[in-house]
Amino acid sequence: MNNSSPHATEVDTATRHVGDILTLAIKHTDERRAIIVADSGCALAVTLSQAYRRCLPDAQFIDFDAVTPQVVLDAFAQLTARDLVILIQSTSFRLEAFRIRVELFKRGLKVIEHPHLSRMCGQQTAYYIDSLAYDPVYYRGIGRALKSRIDLAKYGAVHSGGETLRFDSPFESAKLNVGDYSGMPNVGGQFPIGEVFTEAQDLEAVNGRVRIFVFGDTTYSVNQPAQPITLVVEKGRVIDAIDSTPEFDVVLANIRAAEGEVWLRELGFGMNRAFSPERTVSDIGTFERMCGIHLSLGAKHGVYSKPNIRRAEARHHVDVFAVTESVTLDDEVVFHGGQWQVANAVSVAK
Numbered sequence: 158m159n160n161s162s163p164h165a166t167e168v169d170t171a172t173r174h175v176g177d178i179l180t181l182a183i184k185h186t187d188e189r190r191a192i193i194v195a196d197s198g199c200a201l202a203v204t205l206s207q208a209y210r211r212c213l214p215d216a217q218f219i220d221f222d223a224v225t226p227q228v229v230l231d232a233f234a235q236l237t238a239r240d241l242v243i244l245i246q247s248t249s250f251r252l253e254a255f256r257i258r259v260e261l262f263k264r265g266l267k268v269i270e271h272p273h274l275s276r277m278c279g280q281q282t283a284y285y286i287d288s289l290a291y292d293p294v295y296y297r298g299i300g301r302a303l304k305s306r307i308d309l310a311k312y313g314a315v316h317s318g319g320e321t322l323r324f325d326s327p328f329e330s331a332k333l334n335v336g337d338y339s340g341m342p343n344v345g346g347q348f349p350i351g352e353v354f355t356e357a358q359d360l361e362a363v364n365g366r367v368r369i370f371v372f373g374d375t376t377y378s379v380n381q382p383a384q385p386i387t388l389v390v391e392k393g394r395v396i397d398a399i400d401s402t403p404e405f406d407v408v409l410a411n412i413r414a415a416e417g418e419v420w421l422r423e424l425g426f427g428m429n430r431a432f433s434p435e436r437t438v439s440d441i442g443t444f445e446r447m448c449g450i451h452l453s454l455g456a457k458h459g460v461y462s463k464p465n466i467r468r469a470e471a472r473h474h475v476d477v478f479a480v481t482e483s484v485t486l487d488d489e490v491v492f493h494g495g496q497w498q499v500a501n502a503v504s505v506a507k
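Just so we're aligned, residue 158 is where the sequence shown starts under this note's numbering, counting upward by one.
Wrong hints could be hidden among the right ones.
[Said to hold, decoys possible] The following label-pair restraints were derived from C-beta to C-beta distances: (1) ALA469 <-> GLY494: 39 to 49 Å; (2) PRO214 <-> GLU470: 47 to 57 Å; (3) GLN496 <-> THR166: 41 to 51 Å; (4) GLN217 <-> GLN498: 43 to 53 Å; (5) THR321 <-> HIS164: 38 to 48 Å; (6) THR225 <-> ASN411: 32 to 42 Å; (7) GLY417 <-> ASP292: 16 to 26 Å; (8) GLN227 <-> GLY417: 39 to 49 Å; (9) GLY494 <-> ALA232: 41 to 51 Å; (10) ASP222 <-> LEU181: 25 to 35 Å; (11) GLY279 <-> TYR377: 11 to 21 Å; (12) ASN411 <-> ASP292: 31 to 41 Å; (13) ALA232 <-> ASP400: 23 to 33 Å.
[Claimed, not checked] Under the rule of at most 20 Å between Cα atoms (straight-line distance), these lysine to any residue pairs were calculated in the SDA-like manner: (14) LYS457 <-> LYS311; (15) LYS311 <-> THR485; (16) LYS457 <-> LEU409; (17) LYS184 <-> ALA238; (18) LYS311 <-> ASP325; (19) LYS457 <-> GLU416; (20) LYS263 <-> ARG190; (21) LYS332 <-> ASP359; (22) LYS263 <-> ASP231; (23) LYS184 <-> THR172; (24) LYS457 <-> ARG468; (25) LYS184 <-> GLY340; (26) LYS184 <-> GLN347; (27) LYS392 <-> HIS473; (28) LYS392 <-> GLU320; (29) LYS392 <-> ARG323; (30) LYS332 <-> GLY318; (31) LYS332 <-> THR172.
Hints in this document: simulated from the structure, not taken from any laboratory. Heads up, the beta-carbon is just placed ideally off N, CA and C, and yes, glycines get one too.
Required output: the full structure, derived from the provided sequences and hints.
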């Protein structure tokens, strides 16, 4: 247990952001039941627990460390479709073979999940709380506008510290993670949010160089080398890593050992303005929402199927983050100066 008390101002800020998530994104109402399952293994988990309990005073609260897994499962069994489950986890809850979020979604429940919170402490807790701010005009407007540009584009490029990574192919239909669940089978997911992602329809049409300033290491932590690493990409595969580090060499070696080569797959358009090259957090799954471009290395990508990649043999999906001066789709600049530059985005949100 973590006995440190959260700062009152952090709880107040988290309460405002959580309230907006519940109302504007999840659209939870008092007519539906809610269960909060939380531990107290770190200060950030305690802060979020207090925030959610303020916003949902009638919710059932379960201290995960004080009960058996069966107690949690029995509580879930009492819920009906459109009820809400909130999971606040210093690490990641284990309920035997029960895959929590997947199974809850199968039951038609809404889910808000905050995993791996213990990886973030000190100043990172403030960054994380800031990342929960939900601006529907920004997220939905920019998100939908980006999806529209991506889905229509014939090609694109990431301009990266004097290097260019070219996508000489149309893109797969972009997916949104912007807190708008209308028309989607599931409501909720892992928070914080803020991302539009795609990949080239023809993976072998991706060529060039890209400089990365952060990569996910073998512990799923943010690893920021002293100087950016330049990836050399030919026909969608990473063939060299200039100025690599021993830790990144291990990442590449693990991918090659399992898959034979290093595919570059996901092209992620991160939108969360709380994270930047100067404002980082240790958990790679959280930092993935950073405002800018991230890519994935390895053959694994559960959303898009490719005829030349067998899902059963795909093992790795490693996020890397590009030094990004600008991004173009066809010949339109959509990212520059650390911001998305998509015309008419606000009107799209209405």
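Evaluation of the provided hints:
The given range of 39 to 49 Å is respected by ALA469 and GLY494, whose C-beta atoms sit roughly 43 Å from each other. Between PRO214 and GLU470 the C-beta distance comes to about 50 Å, which sits within the given range of 47 to 57 Å. Between GLN496 and THR166 the beta carbons are some 27 Å apart, a value that contradicts the proposed interval 41 to 51 Å. The given range of 43 to 53 Å is respected by GLN217 and GLN498, whose C-beta atoms sit roughly 45 Å from each other.
For THR321 paired with HIS164, a C-beta distance near 44 Å keeps the hint of 38 to 48 Å intact. At about 36 Å, the CB distance of THR225 to ASN411 agrees with the hint of 32 to 42 Å. Between GLY417 and ASP292 the beta carbon distance is about 43 Å. The supplied range of 16 to 26 Å is therefore violated. The hinted window of 39 to 49 Å between GLN227 and GLY417 holds, with their beta carbons roughly 43 Å apart.
For the hinted restraint 41 to 51 Å between GLY494 and ALA232, the CB-CB distance of approximately 48 Å keeps it satisfied. The hinted window of 25 to 35 Å between ASP222 and LEU181 holds, with their beta carbons roughly 31 Å apart. For the hinted restraint 11 to 21 Å between GLY279 and TYR377, the CB-CB distance of approximately 19 Å keeps it satisfied. Judged by the Cβ atoms, the range 31 to 41 Å given for ASN411 and ASP292 holds: they are separated by roughly 38 Å.
The hinted range of 23 to 33 Å is not satisfied by ALA232 and ASP400, whose Cβ atoms lie roughly 51 Å apart. In summary, the hint linking LYS457 to LYS311 is not supported, as the alpha carbons are separated by about 24 Å, beyond the 20 Å threshold. Between LYS311 and THR485 the alpha-carbon distance is near 11 Å, which keeps this suggested pair within the 20 Å criterion. Between LYS457 and LEU409 the alpha-carbon distance is near 14 Å, which keeps this suggested pair within the 20 Å criterion.
Restraint check: the Cα-Cα separation between LYS184 and ALA238 comes to about 14 Å, which is no more than 20 Å; the hinted pair holds. At roughly 7 Å between alpha-carbon atoms, LYS311 and ASP325 fall within 20 Å of each other, so this suggested pair holds. Among the hinted pairs, LYS457 with GLU416 is consistent with the structure: their alpha-carbon atoms are about 10 Å apart, no more than 20 Å. Distance check on the hinted pair: LYS263 and ARG190 sit about 17 Å apart at the alpha-carbon level, within 20 Å; holds.
Between LYS332 and ASP359 the CA atoms are separated by roughly 17 Å; this keeps the pair inside 20 Å, and the hint holds. For the hint pairing LYS263 with ASP231, the CA-to-CA distance comes to about 16 Å; that is within 20 Å, so the pair holds. With a CA separation close to 16 Å, the supplied pair LYS184 and THR172 stays within the 20 Å bound. Restraint check: the Cα-Cα separation between LYS457 and ARG468 comes to about 7 Å, which is no more than 20 Å; the hinted pair holds.
Distance hint between LYS184 and GLY340 is fulfilled; the C-alpha atoms sit about 14 Å from each other, no more than 20 Å. The straight-line distance between the Cα atoms of LYS184 and GLN347 is roughly 16 Å, inside the 20 Å bound, and the hint therefore holds. For the hint linking LYS392 to HIS473, the alpha-carbon distance of about 18 Å falls within 20 Å, and the restraint holds. In summary, the hint linking LYS392 to GLU320 is supported, as the alpha carbons are separated by about 17 Å, within the 20 Å threshold.
Using a Cα cut-off of 20 Å, the hinted pair LYS392 and ARG323 holds, with the two alpha carbons roughly 10 Å apart. Between the alpha carbons of LYS332 and GLY318 the distance comes to roughly 27 Å, so the proposed pair goes past 20 Å and is violated. A threshold of 20 Å between alpha carbons decides the hint, and for LYS332 with THR172 the separation of about 28 Å lies outside it, so the pair is violated.
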